[in-house]
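Residue numbers (my numbering), protein chains in the order written: chain Z, 601 to 851; chain L, 366 to 624.
Think of the hints as simulated: they come from the structure by calculation, not from any bench. What you are looking at is a predicted structure, and each value in this text was computed from that prediction instead of being measured. Errors might be hidden in some of the hints.
[What the hints assert, rightly or not] Computed, partial: chain Z to chain L, Cβ under 10 Å: (1) Met601; (2) Arg603; (3) Met653; (4) Phe765; (5) Pro774; (6) Glu814; (7) Leu818.
[What the hints assert, rightly or not] Pair by pair, the computed Cβ-Cβ distance ranges are: (8) Z:Arg839 <-> L:Ala475: 38 to 44 Å; (9) L:Ala475 <-> Z:Gly658: 29 to 35 Å; (10) L:Asp542 <-> Z:Phe692: 46 to 52 Å.
A virtual CB, placed ideally from N, CA and C, is assigned to each residue, including glycine.
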Amino acid sequence: MRRVVLPLLGLALVLAVWTALSQTVATDLPSPAKTWAESRRYVLQPFFKDGEMNQGIGRLAFYSLLRVGKGYLLALLIGTPIGFMLGLSRKFYETFDPIIQFLRPISPLAWLPLGLVIFRQSEPAAVFTIALCAMWPTVINTAVGVRSISQDYLNVGRVLRLSRFRMLTKIIVPASLPYVFTGYRLSLGLAWLVIVASEMLTGTPGVGGFLWQEYNSLVYSHIILSVITIGAIGFLLDRLMGLIEARLKAV
Amino acid sequence: MAYLDVRAVEKSFVTPRGVTRVLGGASLTLDEGEFVAIVGYSGSGKTTLISLIAGLLVPDAGEIVLDGEPVTAPGPDRGIVFQQYSLLPWMTVRDNVALAVDAVDAALSAAERRRRTDEFVSLVGLTAAAGQRPRELSGGMRQRVAVARGLAMRPKVLLMDEPFSALDALTRARLQDELLGIWTTCRTTVVLVTNDVDEAILLADRIYPMTPGPSAVLGPPIEVGLPRPRERRHMSLAPPYQKVRQAIVEFLRACRRVS
Numbered sequence: 601m602r603r604v605v606l607p608l609l610g611l612a613l614v615l616a617v618w619t620a621l622s623q624t625v626a627t628d629l630p631s632p633a634k635t636w637a638e639s640r641r642y643v644l645q646p647f648f649k650d651g652e653m654n655q656g657i658g659r660l661a662f663y664s665l666l667r668v669g670k671g672y673l674l675a676l677l678i679g680t681p682i683g684f685m686l687g688l689s690r691k692f693y694e695t696f697d698p699i700i701q702f703l704r705p706i707s708p709l710a711w712l713p714l715g716l717v718i719f720r721q722s723e724p725a726a727v728f729t730i731a732l733c734a735m736w737p738t739v740i741n742t743a744v745g746v747r748s749i750s751q752d753y754l755n756v757g758r759v760l761r762l763s764r765f766r767m768l769t770k771i772i773v774p775a776s777l778p779y780v781f782t783g784y785r786l787s788l789g790l791a792w793l794v795i796v797a798s799e800m801l802t803g804t805p806g807v808g809g810f811l812w813q814e815y816n817s818l819v820y821s822h823i824i825l826s827v828i829t830i831g832a833i834g835f836l837l838d839r840l841m842g843l844i845e846a847r848l849k850a851v
Numbered sequence: 366m367a368y369l370d371v372r373a374v375e376k377s378f379v380t381p382r383g384v385t386r387v388l389g390g391a392s393l394t395l396d397e398g399e400f401v402a403i404v405g406y407s408g409s410g411k412t413t414l415i416s417l418i419a420g421l422l423v424p425d426a427g428e429i430v431l432d433g434e435p436v437t438a439p440g441p442d443r444g445i446v447f448q449q450y451s452l453l454p455w456m457t458v459r460d461n462v463a464l465a466v467d468a469v470d471a472a473l474s475a476a477e478r479r480r481r482t483d484e485f486v487s488l489v490g491l492t493a494a495a496g497q498r499p500r501e502l503s504g505g506m507r508q509r510v511a512v513a514r515g516l517a518m519r520p521k522v523l524l525m526d527e528p529f530s531a532l533d534a535l536t537r538a539r540l541q542d543e544l545l546g547i548w549t550t551c552r553t554t555v556v557l558v559t560n561d562v563d564e565a566i567l568l569a570d571r572i573y574p575m576t577p578g579p580s581a582v583l584g585p586p587i588e589v590g591l592p593r594p595r596e597r598r599h600m601s602l603a604p605p606y607q608k609v610r611q612a613i614v615e616f617l618r619a620c621r622r623v624s
């Protein structure tokens with residue numbers, strides 16, 4: 601009972617503050633009622649398409665998810681092996697760790713123009729940016745996971761004289777999997793965070809692109825619609841990864 | 366020449382507080398098919414000695430020869446049962462044992478390896494639990510899996526590092542009896558490290574007491590001389606049992622007084 605009532609109460613409070621703000625201080629801010637009235641078509645017919653930038657929110661979210669999916673997959677494909685190498689080889693670690701620590705804090709906004717220069721098209725540039733920003737948690741968690749494998753497990757492999765390949769597949773990968781997956785989850789969160797920035801700057805169709813376009817067309821209620829959609833999808837993605845992670849850790 | 370010959374091995378570790386000399390020239394010999402126990406206080410260097418024989422550590426001085434071959438690296442001919450079981454938690458009981466069978470008998474067919482795996486699982490009485498993962502098992506069952514894995518390596522010598530010390534007293538006694546039974550049938554050469562004098566007497570042919578560290582060495586071996594097959598309930602009353610027990614306890618006490 602409490603678990604339902606209290607979150608609903610929180611929601612009601614936020615809506616009340618939002619309404620109050622829109623009627624007093626920030627009069628340009630659409631009220632919840634106005635937002636709903638202007639957005640209902642986008643929500644209730646989520647897959648309509650009137651033009652490149654005027655589509656139902658389901659369609660826009662699908663484009664964004666597809667883009668994030670590509671960038672995220674690329675991040676995992678690049679980040680996982682780098683993470684394993686960092687964890688396994690002292691020399692590799694000493695060679696590349698300073699560069700990684702240096703690249704890690706660079707904002708997606710800084711990478712995007714570079715991506716545009718390299719690829720000359722907005723779509724691959726966006727995917728490149730997402731991949732580059734999202735891969736660090738995977739790299740770092742994988743490396744930490746490999747380095748924190750219990751010496752006991754490694755000794756089992758040494759006593760059995762397992763080949764390098766079997767050592768990797770039978771012991772190192774499964775032992776570090778929980779850490780790797782924590783990295784995957786954090787990476788997905790980051791990938792979703794980056795989507796908005798990259799779509800804004802490239803103007804590609806998607807939730808972020810829509811948000812920026814509606815800002816330029818002065819349809820502020822659709823900004824709020826986009827923000828809510830981004831939040832909802834981010835939340836769902838995190839929950840989904842959380843479920844998979846919990847299953848893995850139960851082993 | 367002895368089957369396993371440990372000659373005056375020394376080992377020191379560098380710690381933040383300086384160099385600790387754990388072993389100061391420990392020696393022991395072992396014939397094929399013999400069961401030898403090393404008894405000593407906790408922290409005296411028994412695990413270090415086992416790790417040296419296993420090849421997981423390299424001695425600073427001295428040498429270890431098994432069946433004519435000097436020990437330089439770990440290998441399945443020195444199967445080991447670790448104190449903390451060291452089962453791989455993501456594998457079932459059968460897979461944990463199969464890992465050893467597959468590594469040692471790589472030349473055999475998959476069906477034959479599977480048959481051997483099942484054999485070792487059944488040897489320790491875990492056929493019913495073969496599909497379970499370690500965390501679903503009790504401590505005693507886990508240690509049985511570790512014993513099965515150690516035996517599945519079909520080692521020249523099976524090294525056991527305080528295998529039952531993490532178990533409660535009742536389970537411990539039961540596993541000792543089971544190990545006694547298994548050893549009677551397969552007669553593997555065993556080095557058992559323990560801090561339990563009674564466990565050593567029940568199981569071993571010979572017992573080496575270890576002096577408390579640092580610079581631990583092994584005292585002269587004490588022959589147990591109790592007839593086999595042995596049974597716990599008759600043993601503690603037997604005069605040889607009392608004699609051996611007293612000899613070990615006195616040796617360990619005397620060392621402690623000196624140090």
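To see whether the hints hold, each was checked on the structure:
The beta carbon of Met601 (chain Z) comes no nearer than 35 Å to any beta carbon in chain L, farther than 10 Å, and the hint placing it at the interface is violated. Of the supplied interface hints, the one on Arg603 (chain Z) is violated, with its beta-carbon coming no nearer than about 30 Å to a beta-carbon of chain L, more than 10 Å. With its C-beta approaching chain L no nearer than about 48 Å, Met653 (chain Z) sits outside the 10 Å limit, and its interface hint is violated. For Phe765 (chain Z), the shortest C-beta to C-beta distance to chain L is roughly 12 Å, which exceeds 10 Å, and the interface hint is violated.
For Pro774 (chain Z), the interface hint holds, since its Cβ comes within 10 Å of a Cβ in chain L; the closest pair sits about 4 Å apart. The restraint placing Glu814 (chain Z) at the interface with chain L is violated, with a minimum CB-CB distance near 49 Å, outside the 10 Å limit. Evaluation of the Leu818 (chain Z) hint against chain L yields a violated restraint, the C-beta minimum of about 56 Å exceeding 10 Å. Taken as a hint, the range 38 to 44 Å holds for the pair Arg839 (chain Z) and Ala475 (chain L), whose Cβ atoms sit roughly 41 Å apart.
Judged by the Cβ atoms, the range 29 to 35 Å given for Ala475 (chain L) and Gly658 (chain Z) is violated: they are separated by roughly 50 Å. Between Asp542 (chain L) and Phe692 (chain Z) the C-beta distance comes to about 50 Å, which sits within the given range of 46 to 52 Å.
Comparing the model with each earlier hint shows violations of hints 1, 2, 3, 4, 6, 7 and 9; every other hint is respected.
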